[in-house]
Amino acid sequence: MSDLALLDRAFANIIQRFVRTGQAPHYTELAKDLGLSMEEGCELVHELFARNVPGWVHPGTDLIASFAPFNNQPTQYRIAIDGHQKWFAQCGFEALAVRWLFPNKTVRVDAPCLDCGEPMVVEMRNEQILHVEPATIVGYTHSAIGGSREDAPFR
Amino acid sequence: MNLFRSEEHARRWKKFDPDMEKTLRPLSFWAELFSEQLFRQRGRPDYMTWLRSGEGRQSVADLWKKMP
Chain A
3 MSDLALLDRA FANIIQRFVR TGQAPHYTEL AKDLGLSMEE GCELVHELFA
53 RNVPGWVHPG TDLIASFAPF NNQPTQYRIA IDGHQKWFAQ CGFEALAVRW
103 LFPNKTVRVD APCLDCGEPM VVEMRNEQIL HVEPATIVGY THSAIGGSRE
153 DAPFR
Chain B
23 MNLFRSEEHA RRWKKFDPDM EKTLRPLSFW AELFSEQLFR QRGRPDYMTW
73 LRSGEGRQSV ADLWKKMP
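Sequences listed follow chains A and B, in order. Positions in the first sequence are counted from 1; adding 2 to them yields the numbering used here. Positions in the second sequence are counted from 1; adding 22 to them yields the numbering used here.
For reference, chain B alone in the conformation it holds in the complex:
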């Protein structure tokens, strides 16, 4: 789960796997994905409880829907 200077750099990386090409996305895509409530709520004092709430479960489901 890494950042590269450009798509060409990622493709040249020795561990690049064409089977996982679907994860090769612009920074803006990953910045948006990692803005889901799952990430925003980590600072709350009841995070583990929140994860199991309706809102928390929905956030996890939303994340998986958007995951390449």
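With the rest of the complex left out, here is chain A:
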């Protein structure tokens, strides 16, 4: 089991890689950045999720698929920062938390409605919700928040 200081470094490395590039690191990249063996890097990824970091590897692999608030696999929640789209949010709710990783930047969420496919837009900057289109947007989940880890990739 890793110590907290190492978990801190791993968490920060993954989040910062997402912020910079829109993508998760592979465990080999994580290992190299942190001065670990490849095997230790792989174990560290799994340990983060075992310690309830909200995310998961793609089932049956060591590949980071999701790491809240981001998703490595594209979702319908496209995120643009100051007009540049290269991020995806883990879910509609986490899309609203992406702004805290981009202080003083305009964060735009573009997503289709799952019922009708028509577009929705939310723009935020720090504390402010700048624009919501349509103004009637709601959030809803049919599964328990923080529920079973087994079905997390399929909610």
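In short, the hints are calculated from the structure, not lab data. On a predicted model such as this, the values are computed, not experimentally measured, just so you know. Treat the hints loosely; a few may be bogus.
Claimed, not checked - Computed spacing ranges between beta-carbons, pair by pair:
1) B/Trp-86 with A/Glu-129: 19 to 27 Å
2) B/Ser-75 with A/Pro-121: 39 to 47 Å
3) B/Pro-90 with A/Gly-119: 25 to 33 Å
4) B/Lys-87 with A/Arg-53: 21 to 29 Å
5) A/Lys-88 with B/Lys-87: 34 to 42 Å
As the list claims (entries may be wrong) - Sample of chain A residues facing chain B (criterion: CB under 10 Å; computed from the structure):
6) Asp-10
7) Glu-45
8) Ala-52
By construction, the Cβ of each residue, glycine as well, lies at the ideal position given by its N, Cα and C atoms.
Given chain A's structure and the hints, the job is docking chain B onto it.
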């Protein structure tokens, strides 16, 4: 954990479950909930340690209190 154009759209969604109706809330509710310190602090270099601090544990507790 999805966004819909309106309450009517959410209710029409094929996976809508009346048992989870309590989670059907305006965008402003979810935007506020996902503004808890738990989310704001993710960029800090010692986030895993912070989660286990008094402030981190309180933030998790606050979140669960407000969760529908």
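These are the hints, each one checked on the structure:
no. : hint                                : verdict
1   : B/Trp-86 with A/Glu-129: 19 to 27 Å : 23 Å, holds
2   : B/Ser-75 with A/Pro-121: 39 to 47 Å : 41 Å, holds
3   : B/Pro-90 with A/Gly-119: 25 to 33 Å : 26 Å, holds
4   : B/Lys-87 with A/Arg-53: 21 to 29 Å  : 22 Å, holds
5   : A/Lys-88 with B/Lys-87: 34 to 42 Å  : 35 Å, holds
6   : Asp-10                              : 5 Å, holds
7   : Glu-45                              : 15 Å, violated
8   : Ala-52                              : 12 Å, violated
Hint compliance for this structure: hints 7, 8 are broken, all remaining hints hold.
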